[in-house]
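For what it's worth, our numbering labels the leading residue of the sequence shown as 3, then goes sequentially.
It is possible that part of the hints are untrue.
[Claimed, not checked] Straight-line C-alpha distance at most 20 Å; calculated SDA-like pairs for lysine to any residue:
#1 LYS324 <-> MET190
#2 LYS293 <-> VAL320
#3 LYS383 <-> PRO526
#4 LYS340 <-> GLU390
#5 LYS324 <-> LYS340
#6 LYS480 <-> PRO526
#7 LYS417 <-> LYS293
#8 LYS315 <-> GLN272
#9 LYS293 <-> GLN272
#10 LYS324 <-> LEU188
#11 LYS480 <-> THR386
[Unchecked claim] So the derived label-pair ranges between C-beta atoms look like this:
#12 ASN191 <-> GLN114: 30 to 38 Å
#13 ASN191 <-> ILE517: 47 to 55 Å
#14 TYR151 <-> GLU187: 30 to 38 Å
#15 GLU147 <-> PRO43: 22 to 30 Å
If you are wondering where the hints come from, they were derived from the structure by calculation, not from laboratory data. Source: prediction; values computed, not measured. Even for Gly, the Cβ is constructed at its ideal location relative to N, Cα and C.
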Amino acid sequence: MKTLPPDANEDAEDALVWGDDTQEVEHAAAQHASAPRSVEPWTVLVVDDDESVHVITRLVLAGLTFRDRPIELLSAYTAENGIAVLRAHPEVALVLLDVVMETDDAGLRAVQQVREELNNVNVRVVLRTGQPGKAPERDVVVRYEIDGYELKTEQTSQNLVTVVIAALRSFDLIRSIERNRAGLELIMNATAEMSQLRSARAFAASALQNLQALSNRSGGAVFCAPSGRATGTDTLPVEVLAGTGPYTDWAARMLDDADPEGRIRAEILQTASGGDPLPDPLALGTALVLKSPHVRSATIWVHDVYALDPIEKQLLDVFCSKIAVAFDNVQLIELFRKAQQATVVALADLAEYRDTDTGEHVLRVARTTDLLARDLHAAGKFRTELDELLVEQIGLASMLHDVGKVSIPDAVLLKPGQLDADERRLMETHAGVGMRILARADRIVGQRSYLTLAAEIAIGHHEWYDGTGYPQQVAGTKIPLSARITAVADVYDALTNARPYKQPWPADAAKQYIIERSGTQFDPAVVESFLRVLQAPEWNTPFGVPTEVGPFSL
Numbered sequence: 003m004k005t006l007p008p009d010a011n012e013d014a015e016d017a018l019v020w021g022d023d024t025q026e027v028e029h030a031a032a033q034h035a036s037a038p039r040s041v042e043p044w045t046v047l048v049v050d051d052d053e054s055v056h057v058i059t060r061l062v063l064a065g066l067t068f069r070d071r072p073i074e075l076l077s078a079y080t081a082e083n084g085i086a087v088l089r090a091h092p093e094v095a096l097v098l099l100d101v102v103m104e105t106d107d108a109g110l111r112a113v114q115q116v117r118e119e120l121n122n123v124n125v126r127v128v129l130r131t132g133q134p135g136k137a138p139e140r141d142v143v144v145r146y147e148i149d150g151y152e153l154k155t156e157q158t159s160q161n162l163v164t165v166v167i168a169a170l171r172s173f174d175l176i177r178s179i180e181r182n183r184a185g186l187e188l189i190m191n192a193t194a195e196m197s198q199l200r201s202a203r204a205f206a207a208s209a210l211q212n213l214q215a216l217s218n219r220s221g222g223a224v225f226c227a228p229s230g231r232a233t234g235t236d237t238l239p240v241e242v243l244a245g246t247g248p249y250t251d252w253a254a255r256m257l258d259d260a261d262p263e264g265r266i267r268a269e270i271l272q273t274a275s276g277g278d279p280l281p282d283p284l285a286l287g288t289a290l291v292l293k294s295p296h297v298r299s300a301t302i303w304v305h306d307v308y309a310l311d312p313i314e315k316q317l318l319d320v321f322c323s324k325i326a327v328a329f330d331n332v333q334l335i336e337l338f339r340k341a342q343q344a345t346v347v348a349l350a351d352l353a354e355y356r357d358t359d360t361g362e363h364v365l366r367v368a369r370t371t372d373l374l375a376r377d378l379h380a381a382g383k384f385r386t387e388l389d390e391l392l393v394e395q396i397g398l399a400s401m402l403h404d405v406g407k408v409s410i411p412d413a414v415l416l417k418p419g420q421l422d423a424d425e426r427r428l429m430e431t432h433a434g435v436g437m438r439i440l441a442r443a444d445r446i447v448g449q450r451s452y453l454t455l456a457a458e459i460a461i462g463h464h465e466w467y468d469g470t471g472y473p474q475q476v477a478g479t480k481i482p483l484s485a486r487i488t489a490v491a492d493v494y495d496a497l498t499n500a501r502p503y504k505q506p507w508p509a510d511a512a513k514q515y516i517i518e519r520s521g522t523q524f525d526p527a528v529v530e531s532f533l534r535v536l537q538a539p540e541w542n543t544p545f546g547v548p549t550e551v552g553p554f555s556l
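Whole structure, please, built from the sequences with the hints as guidance.
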């Protein structure tokens, strides 16, 4: 048995006794010197007013590792200083705490502060004292989760190591449970939130954000899925739906283009095809497959995370299984939306098939309607009516505003001159016919869709704001907002383009026509929006056909 030399500590009752010889301490110190520094250490705080206790504790624990992680010691010499260190270092796993310091119960008061004031319930606390009469009451041990009470006069180096390892094991278990709980909570919240997203790209971006939060890795990631149909090849081209970190600009690109060297693609295809992942030294990252029973399976590739700890791997497996189901649903919804879009475009083509003189009228109306809706939404107008879904759908839906013209005889529809009164009454029936065609189709869908808006637009786009329009003579906000927006776009395009019965108007004259009829034929708020849109850069950019990310390319 070997005690500290008298010059190290004059107080016999605070003397710390060690049962192992100096060789063990020196061997531990040598191990510590060669220990790897790249691994995150366990942080242990020694709070004691005796300097020799810090020295001996450091020597005994030197070189000690637990689960391949070394131990790092922090020192504090008063209870107050110990609390300050814990505030600054919440990662501390264990506090070796002296009971008697500034006061006879300074250590006990410090434990109370740790649990109640700092609200730190994870850190493990072992009390040490050289005064046996200062042992804590039983209720204090239970209430403040004290992991041990050691007498310095009886503690050996082996005993100290045992106490530290037991406390670190307890801390690691608590942290593992906490990580699992927090990770599962994040997964549940994330999947609930992501299931509300309406596009594969938005879903992919959200998945990567939540994955980064779950794994606490920031090396970057990509979310990939097969794109299009196979054409003479065994495999589909792979598209990057989203990227983070250094791979952010890979989004919306084909993987072959984004990764010309093909290393990441090789890792993704290796895993997606069911093969064994590349050996760790050769891998750039980890590929996580989201298997889908109905549509295309996706793959998330995460940079530099092949060395996952068991908890991370378990949580990532759960996360991937959950979001795979959600992504499956998003893709099915997207396929349904595309089918609706295709139906709308086909019906619009049918409506124009007999009236070829209108040219690209429906596309121009759709583009203008889309711009108006986005401007009104950005300006905060019609908040209760103009939600994001209406903004997304109205451009495409407006393409069917004249679908009812399929019921109009060619002699009237294609007449090169002005219509007489009877012909005009017949022409005006197209609004009601269009509404009935679309409403019947909408009932089959059974929920709000492009066809819902299209039916509203068909019946309402010839109504006037003052109630003198047709076919129902409704006024003001009783006219559906979608129809009030489309009305401005439809009239402006009709005025500025040639018809069999008229030449095109100059843009300024058509603009003035719209302004003069604000409050009578048109909704004043929509007219104000129209004037803003005319000044917007998007107004002079080419328009395109419907796409999956929005009705029109601007």
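Evaluated hints:
At roughly 8 Å between alpha-carbon atoms, LYS324 and MET190 fall within 20 Å of each other, so this suggested pair holds. This hinted pair checks out: LYS293 and VAL320 have alpha carbons roughly 13 Å apart, not beyond 20 Å. Only pairs whose Cα atoms come within 20 Å are accepted, and LYS383 paired with PRO526 is accepted, the gap being roughly 12 Å. For the hint pairing LYS340 with GLU390, the CA-to-CA distance comes to about 18 Å; that is within 20 Å, so the pair holds.
The suggested pairing of LYS324 with LYS340 is violated, with an alpha-carbon distance near 25 Å, which exceeds 20 Å. Distance hint between LYS480 and PRO526 is fulfilled; the C-alpha atoms sit about 15 Å from each other, no more than 20 Å. Of the pairs offered as hints, the one joining LYS417 and LYS293 is violated, with about 58 Å between alpha carbons and a cut-off of 20 Å exceeded. Proposed proximity of LYS315 and GLN272 is supported: the alpha carbons are some 19 Å apart, at most 20 Å.
As the CA atoms of LYS293 and GLN272 are separated by approximately 14 Å, the hinted pair is consistent with the 20 Å bound. Between LYS324 and LEU188 the CA atoms are separated by roughly 12 Å; this keeps the pair inside 20 Å, and the hint holds. With a C-alpha separation of about 14 Å, the suggested pair LYS480 and THR386 falls inside the 20 Å cut-off, and the hint holds. The hinted range of 30 to 38 Å is satisfied by ASN191 and GLN114, whose Cβ atoms lie roughly 34 Å apart.
At about 50 Å, the beta-carbon gap between ASN191 and ILE517 stays in the expected band of 47 to 55 Å. Between TYR151 and GLU187 the CB atoms are about 35 Å apart, so this pair conforms to the stated range of 30 to 38 Å. In this structure the supplied range 22 to 30 Å holds for GLU147 paired with PRO43, their Cβ-Cβ distance being about 23 Å.
Hint violations for this structure: numbers 5, 7, all remaining hints satisfied.
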